[in-house]
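Enquirer: Kindly produce the complete structure, drawing on both the sequences and the hints.
As you go down the protein sequences, you meet chains A and B in turn.
Numbering-wise, our numbering puts 34 at position 34 of the first sequence, and it's gapless, one number per residue.
Numbering-wise, our numbering puts 1311 at position 311 of the second sequence, and it's gapless, one number per residue.
It is worth saying that the hints were derived from the structure and are not from the lab.
Be careful, since some hints might not be right.
Below, simulated DSSO-like cross-link-like pairs (lysine-lysine); rule was C-alpha separation at most 30 Å, straight line [as the list claims (entries may be wrong)]: (1) Lys1358/B x Lys1182/B; (2) Lys45/A x Lys7/A; (3) Lys1250/B x Lys1299/B; (4) Lys1305/B x Lys142/A; (5) Lys1302/B x Lys1358/B; (6) Lys142/A x Lys94/A; (7) Lys1062/B x Lys1358/B; (8) Lys1299/B x Lys7/A; (9) Lys142/A x Lys1302/B; (10) Lys94/A x Lys45/A; (11) Lys1182/B x Lys1250/B; (12) Lys7/A x Lys142/A; (13) Lys1062/B x Lys1305/B; (14) Lys142/A x Lys1062/B; (15) Lys94/A x Lys1062/B.
Examples of chain B residues toward chain A, derived with CB under 8 Å [as the list claims (entries may be wrong)]: (16) Ser1030; (17) Ile1053; (18) Lys1062; (19) Val1238; (20) Trp1245; (21) Arg1336.
Ideal Cβ positions, reconstructed from N, Cα and C, are used throughout, including at glycine.
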Amino acid sequence: MAQAELKERFEGALGGLAEAVEAEGSLVRVRVALPNLRAALLALKTSPDTACDFPANLTAFDTGQEMTLLYRLASIPNRWQALVSCPLDREDPKAPSVADLWPGFNWFEREVYDMFGVAFEGHPDLRRILLPDDWEGFPFRKDYVSKPSGSPLKGPQPTDLGEQA
Amino acid sequence: MNGDLRDLHQEILDLGTQGMVMNMGPQHPSTHGVLRLILTLDGEEVMACEPVIGYLHRGLEKMAERRPYRHFLPFTDRLDYVCSLANNLACAQAIERLAGIEVPDRAQWIRVALMELNRIASHLLFLGTFGTDLGATTMLLYAFREREEALALLEAITGARLTYNWIRVGGLPDDMPENWDKGVLAFCDLLESRVGEYDRLLTDNPIFRRRTEGVGVIPAEDAIAYGLTGPTLRASGVEYDVRRWAPYEKYAEIDFDVVVLRDGDTFARYLARRLELEQSVRILRQVFDRMPEGPIASKVGKVLKAPPGIAFSQVESPRGELSFTMVSDGSPNPQRVHIRAPSFANLTVLADLVVGNKVADVVAILGSIDIVLGEVDR
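Expert: Listed below in structure tokens is the structure:
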């Protein structure tokens, strides 16, 4: 399918919910503002033009100035996928949960909470998933400092390979 | 007297039934690593299940942020250690896409051969351990007999039996050793002559089928909503194989069938992997005839920097879609590396799937999802 047509389909399905839509091969990059996030994801899932009902991936990244959520949704029969990015308020990161739309995102949201401290509102069971329950801080935030805990069984270790490399 | 008994009976009914909480794992042979399942049981029946993961969490993604792009490749061997070449490839591919690096044709063909050989080794391990989970211990010996041959071939080219680290950004570290292709083709013939034995041991075994057929059925729409991938998804009738859906390396030029089954039960998930063995053999037979002579790696500078942006790879590992998402800020180190491990996504379905089944079926269902905790916990 022509990229212009693919872009049109996504713009049509999203209406005014997206800030930017770019098509690149079979990948459509979509940028959404936080208030429209859930509505945009729901539109991508349910609209027959996009039909992105497969929850492929959810992660986040932090630049130190800005924290961004990254959703990847695919439409298996149509062979296209959308990469949806949504900037967050870094001081108080919150986002609406979509675990009710895709049960597969339940654990992915817990992982993003575990690593970045993003509070997913409406998540049925928002707890740490990979780190121990008593871990302090969110290690993938760029302002996170690894502190020695004194115990090899608990907490981060003082090694920092980044400074040697 | 009768009245007293009736009161007592009513009193017991009012108390209600309380489930028994049982820990399965983290040290349990059938959880295939350090997975803990907190099961609430009513007799033999599972009322609730809560998987607890993270026991093997080593912070690999954080380690990736602290070193140059290429230095992370050996770490990826420790994700899905049963098929480490797929991890190497997914990592290298993400860097190649981020930095816009081309891979020579010959390297792409050898990569395909490595992927499929490693897929065979991984699926054989699954057949062996899955049989053992259900009490068919003989299968392990048969599967390991052939897996040994596959590992010997991988050792001949990479020098290692488990943690290969044999994919580089832009190609491969070295060409195939002499006569390696002949060895692989001989192995294909050997495996093909032996799959009938697996069928006699497991596929056509009435006890094995009674334990697996109709157990833990995942309907197609659930499989999609849970984001399952790999044979676990295809056993539910959804045709999604990254090798066909978004072809990488030379998979677009190769003739093979995507194994799709309908039933979505434990037996279908087993059978999907068993049938994929033959498809991998079919792919391996096409690779060597079409492989051109030429370089096996493109030139990549000593300091690898990628322009700012976001790129992700998609690789069909034996367990499903493996995807590395990399974010670059233009510096020599990645700003963020995220690993979408197929086992992690596939494991999300377990808690809901085992409810209402017997404890013994939990072992069968978990085995059929074929997880590797190294990549679940990362």
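Enquirer: Going through the numbered hints above, which ones does this structure break? Give me the numbers in ascending order.
Expert: 1, 5, 7, 8, 12 and 16
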